[in-house]
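J.: The chain contents come next:
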Amino acid sequence: MTRPMRQNNSSTELTAKLRDCIDRVANQRDKAAFSTLFDHYAPMIRAYSLVREPGADLVADELAQEVMIRVWLKAGTYNSQLANTNTWIFTLARNCRIDYLRRNGRFVSEIDPTEIFNDMEDESPSPFEMTHQSRLEENIRSGLEKLPREQAEILTKVYLEGKSHQQTSAELKLPLGTVKSRVRLAVKKLKVLVER
Amino acid sequence: MDTIKNHPVAELLVSYSAASLPLSQALCISTHLENCDECAQKLRRLNQVGSELMYQLKPSPPSSALKAQLLDRLDSITGNGYTERHSPGNPSVPSCLHQFIKTGYEDISWKRISRDIQSYELCRDQNNAKVELLRIRPGGTSSTHTHMGDEYTVILEGSFSDEDGLYHKGDFLMRDASHQHTPVATRDKYCICLAVTEAPIQLTGFFGRLLNPLIRRSYA
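The listed protein sequences derive, respectively, from chains A and B.
Under the working numbering, the letters of the first sequence match residues 341 to 536, in that order.
Under the working numbering, the letters of the second sequence match residues 981 to 1200, in that order.
Some hints here could point you the wrong way.
Okay, the calculated beta carbon distance ranges per label pair [stated by the list, open to error]: (1) 395/A with 1169/B: 37 to 45 Å; (2) 507/A with 1158/B: 20 to 28 Å; (3) 1091/B with 488/A: 46 to 54 Å; (4) 1093/B with 394/A: 19 to 27 Å; (5) 1100/B with 524/A: 32 to 40 Å; (6) 416/A with 1049/B: 20 to 28 Å; (7) 1041/B with 450/A: 35 to 43 Å; (8) 1156/B with 475/A: 42 to 50 Å; (9) 440/A with 983/B: 25 to 33 Å; (10) 472/A with 1095/B: 32 to 40 Å.
Example chain A residues on the side facing chain B (calculated, C-beta under 8 Å, incomplete) [stated by the list, open to error]: (11) 396; (12) 398; (13) 399.
A partial selection of chain B residues facing chain A, derived with a Cβ cut-off under 8 Å [as the list claims (entries may be wrong)]: (14) 990; (15) 1002; (16) 1056; (17) 1069; (18) 1076; (19) 1090; (20) 1092; (21) 1093.
No wet-lab data here; the hints were simulated from the structure.
C-beta atoms are modelled at their ideal positions from N, C-alpha and C, and glycine is treated no differently.
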């Protein structure tokens, strides 16, 4: 969970550069820009896949490709007022992963997840979100660094390993209620759900 | 629209944002989100938490061949199956339910389960949960009941009340197995709900999976 604190300036520059790349993919079908996005995001998408399925290198490659194809096709729908580039890629990766798991019979459901988890294309942000986006990012980032280990552990299980509360409770040998309350506490500490 | 007063709890929204919950539950939350800007906004922030966690992982670079392969393919990739969400359905039905309801609530072949209530099963989910629509006639009631497992309800049309309050379109309710209640639809119109009821028990492990079909049969 530790990561060197990035300098604010370089982080802002990077964000601007990635946003510009998405823009160029959308408007000019710019392959060089796409290649930059690939270099930046494919290693992270692979990491996201591998944390759920350690050692499954081919699955990780497939997910990275699948997500980047969507980036190529959907760049025009990206709305920087709704989500920073990282969050957009995260939602694409999350949606691709759940779709992939279902298509490969890893869980059986008659419900089509693509109809549930959309890629944030038809939403509109509130004025509050538009003006406070970067502060929110900062809050979340610094909040995660300060989170007690047992809460961070549970967020990792849920967000990255894709574990349900029940699975988390079984794996960590914790009562279900404890899992839920730790998630609640973590979210409270990150101040993401606080009303203005 | 009436202001929505009943929302999914924080830990459920987190699981939704992570896509790490049974799809039947996700379906209920998604239905609620289509009606609730407040939760939709919360969700976007939770997605941001997910993305921060993802970027804290140690990056795992792919082989250089992977990028070359993909760049070669780019021109032949078409949007088919990627950019279109299927079935533009009836706008009065939440879009995440269009996969099950092609036209409107009127055209469904409702099944009578009591004098006041009709149901229509949409599907079963992996966790053996039953996903169905319930339609209560104006002023109608279901007998007092407890649930075998957790129950999730989202109101699609109309209103109902129970011992704990009055609920309107878009409201999201979660009741656990210990909860006893008697819902009554308001007198002005039909109340239609999306309801997900979890099976009484879910056995895991090798022998458990062998036994599940037997349990399922008695649960139907």
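J.: Indicate, hint by hint, whether the structure satisfies it.
T.: Hint check results:
| no. | hint | verdict |
| --- | --- | --- |
| 1 | 395/A with 1169/B: 37 to 45 Å | 56 Å, violated |
| 2 | 507/A with 1158/B: 20 to 28 Å | 23 Å, holds |
| 3 | 1091/B with 488/A: 46 to 54 Å | 50 Å, holds |
| 4 | 1093/B with 394/A: 19 to 27 Å | 47 Å, violated |
| 5 | 1100/B with 524/A: 32 to 40 Å | 34 Å, holds |
| 6 | 416/A with 1049/B: 20 to 28 Å | 24 Å, holds |
| 7 | 1041/B with 450/A: 35 to 43 Å | 38 Å, holds |
| 8 | 1156/B with 475/A: 42 to 50 Å | 37 Å, violated |
| 9 | 440/A with 983/B: 25 to 33 Å | 38 Å, violated |
| 10 | 472/A with 1095/B: 32 to 40 Å | 53 Å, violated |
| 11 | 396 | 11 Å, violated |
| 12 | 398 | 11 Å, violated |
| 13 | 399 | 12 Å, violated |
| 14 | 990 | 5 Å, holds |
| 15 | 1002 | 7 Å, holds |
| 16 | 1056 | 11 Å, violated |
| 17 | 1069 | 10 Å, violated |
| 18 | 1076 | 5 Å, holds |
| 19 | 1090 | 19 Å, violated |
| 20 | 1092 | 24 Å, violated |
| 21 | 1093 | 21 Å, violated |
Figure legend: structure checked against the earlier numbered hints; hints not met, in rising order: 1, 4, 8, 9, 10, 11, 12, 13, 16, 17, 19, 20, 21.
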